[in-house]
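A.B. asks: Work out the full structure, taking the sequences as your base and the hints as a guide.
The listed protein sequences correspond, in order, to chains A and B.
Mapping of the first sequence onto my numbering: residues 1 to 284, in sequence order.
Mapping of the second sequence onto my numbering: residues 285 to 707, in sequence order.
Watch out, some of these pointers could steer you wrong.
[Unchecked claim] Computed footprint of chain A on chain B, listed as stretches where at least three residues anywhere in the stretch have a Cβ under 8 angstroms from a Cβ of chain A: (1) 335-346; (2) 411-423; (3) 549-555; (4) 663-677.
[Claimed, not checked] Over 10 angstroms on every C-beta distance to chain B, these chain A residues come out as not near it, computed from the model: (5) 62; (6) 70; (7) 75; (8) 89; (9) 90; (10) 144; (11) 199; (12) 230; (13) 265.
Bear in mind the hints are in silico, worked out from the structure with no lab data behind them.
Just so it is clear, CB atoms sit at the ideal spot from N, CA and C, and this is done for glycine as well.
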Amino acid sequence: MKSKLPPYTTPLERIWHYLFRIICGLIFLFLIFPILVIVPLSFNAVPFFTFTPEMLSFNPEGYSLRWYEDFFTNLNWRGAVNNSFIIAIFSTLIATSLGTVAALGLSRREVPYRTMLMAILISPMIVPLIISACGMFFFYSRINLQGTHLGVILAHAALGTPFVVITVTATLVGFDRSLIRAANSLGADGVTTFFKIVVPLILPGVISGALFAFITSFDEVVVILFVGSFEQRTIPWQMFSGIREHISPTILAVATLLVLVSVLLLTSIELLRRRTERLRGVRT
Amino acid sequence: MANSAVHPDQPLTTADGVPLKTALSRALRRDKMKSLALVAPLFIFLGLTFLVPIGDMLWRGVEDPIVSTYLPKTVEQLKQWDATSGELPDESTYEALVEDVKAGAPEKLITRVGKRLNYELPGMNSLFRKSQRRIPKFDEGPYKEAVIKVDKKWGQLETWQVIKTFSPNLTAGYFWAAIDLQVTPAGDLQLQDEKSRIYLKLFWRTLYLSGLITLMTLILGYPVAYLLATLPLKTSNLLLMLVLLPFWTSLLVRTTSWIAMLQREGVLNDIMVALNIIENENRLAMIHNATGTVVAMTHILLPFMILPLYSVMKTIPKSYMRAAVSLGAHPFSAFFKVYAPNTIPGIGAGGILVFILAIGYYITPALVGGTSGTFISNFIAYHVSVSLNWGLAAALGIILLGLVLVLYLLYDRIVGVDNMKLG
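C.D. replies: Below, the structure written as structure tokens:
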């Protein structure tokens, strides 16, 4: 906020200038406060979602790690963490490999029906989740995939592919096709060209697409509620049933840990973005 | 383009004498096939795991096989019966009914017909349960009086009319139900009873609350996007993190934190009581109602408004405003006459995006919406997993999907799906 106002600014404009920044500050507060407020609440010593007088007076007795302890020792939560990672990792692998190959095909100049194909491939992102979830519930029950890990992995992979297609296609927009021709003319065959030339260049797009696919699965609640059962419970599944049935601050502890995870993800995506821009020579 | 070394002095053929045009189109076709082959695996995968399941579910909204499957002979006989004649069907129809009930007796199949018809005419469920118990004991005819003795409803025109009306395999009945109309036993359309007219109101509420949420995100998002676009890049990148952090935080985490904030014993009520704004007894009910849904969803969807607005505003040269001011415009009128019109694509993109996401929302309304803040999605889920009226769920789903697709086409027109950016 160091920008100096020009000397000819009228007092009214000066007031407006600062008022505007205060308003924006309040909006940023609205964005961030609800996320930050759960951090201290998760250290609550009593099983409520509220600040106790002890907490407000910074009395150490008002704080405890019992909800974190509960999270790390409770078998329900441990199963949920395991399932979340298993399901997210496998669905990300499927989504990333299929999505990257499809994006390569879609960005070729010759591809027919491009708009229509693109619309179909990103439809899992457009269709309301509740409709996808109900459809998958009926269909997967019929072919005995409902309530299996495989079913949930396939469902999450389908939901994750649009993100991979979009990010990889975006990377390929700036991709110089003459590089492929150059590699070919120098004697590299298709496979060598792909792994030595194409992959390193689109890798940031692939990785950020994979991160999107991972977070989509990791964060997904609606489809897992319908396609999964207790055996496939993920962290969001467990949180949802926790909020519905017995609210305990363990949920806040989990939420705090998830915020940490998202900060990590955000940082890695930002670093990837910068790398892409550097490689493409875009000025930041 | 293989083998197509062309020299100006040669006729237009390739090295092996194939006309150039043929060779080119062949090469082009090969390239097309190659690109399609790359897209194919994902296409097939999505088809099997996503598109077919959705089509399968939506089909339930128009298919209605129950009556004709479990009462085949009765339906056949009823074809000759004139529902408007004012007379009951003849003996042969009753005989067919008895045969159908007997055929389905071991697995109590006939009760499924009762369950289905009960959506259309209350009382059918118990009628078919009773008939399922008593009719199989009949040995020989005439059946007409015996059947009417089981329940006098078998002697009422209405019962037969409803069976006849719902005997076709395809039905629009679920759609009528989804917009608060019903088909009378005689086959006419009429409004549902006052009490059961809920879906039009629900659609209206979903659209109204989604619109309100979109407006709120616009009001809150516009100034922030403007600030981000006008600040030096280093500062704005830092502030952008504050927008992206909520964007990347789990949806359930954000919903949970709003529960902690808004509930009766929650943070906001505590603060207001501590500041003596409200009395301890009059804590505000800000959650499990429409307010809760609007506040939480505005927060959750705000980044989806800020990001497209920001990316549009970034491209507007700062010199536009300076030029307008230097030509004598008041800064405010320069803003509204010069700057704001340039941001309309961003408003359109963000607005439609938020609106599309909002009308399909399920989790947040389910957790903080109570009864007055629930959306159409919540009723679809209810009919799928609680009331088991899958046809109605599918019909509601088709209407919702239709709305979303129209908005999506609009979005594609304004922004172009290819230009969609993430994060």
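A.B. asks: Indicate, hint by hint, whether the structure satisfies it.
C.D. replies: Now for the hints, and whether the structure bears them out:
Residues of the stretch 335-346 of chain B lying with their CB closer than 8 angstroms to a CB of chain A number 9, which satisfies the three-residue condition for coverage. Coverage of the stretch 411-423 of chain B by chain A is violated [criterion: at least 3 residues with CB-CB distance below 8 angstroms; count 0]. Using a Cβ-Cβ cut-off of 8 angstroms, 4 residues of the stretch 549-555 of chain B lie near chain A, which meets the minimum of three, so the contact claim holds. With 6 residues having a Cβ less than 8 angstroms from any Cβ of chain A, the stretch 663-677 of chain B passes the three-residue criterion, so the hint holds.
Annotated as non-interface, residue 62 of chain A keeps its C-beta farther than 10 angstroms from every C-beta of chain B; the closest such distance is 14 angstroms. Every CB of chain B is more than 10 angstroms from the CB of residue 70 of chain A (nearest about 16 angstroms), matching its label as outside the interface. The non-interface label for residue 75 of chain A is consistent with chain B: the shortest C-beta to C-beta separation is roughly 20 angstroms, beyond 10 angstroms. Look at residue 89 of chain A: its CB is around 17 angstroms from the nearest CB on chain B, clear of 10 angstroms, so calling it non-interface holds up.
A cut-off of 10 angstroms between C-beta atoms confirms that residue 90 of chain A is not in contact with chain B; the least separation is 13 angstroms. No beta-carbon of chain B comes within 10 angstroms of the beta-carbon of residue 144 of chain A; the shortest separation is about 14 angstroms. Chain B leaves residue 199 of chain A outside its interface by the beta-carbon criterion, the shortest separation being 15 angstroms against a cut-off of 10 angstroms. No beta-carbon of chain B comes within 10 angstroms of the beta-carbon of residue 230 of chain A; the shortest separation is about 15 angstroms.
Not every beta carbon of chain B lies more than 10 angstroms from that of residue 265 of chain A, the smallest distance being close to 6 angstroms; the non-interface claim is violated.
Violation of the numbered hints given earlier is confined to hints 2, 13; the remaining hints are satisfied by the structure.
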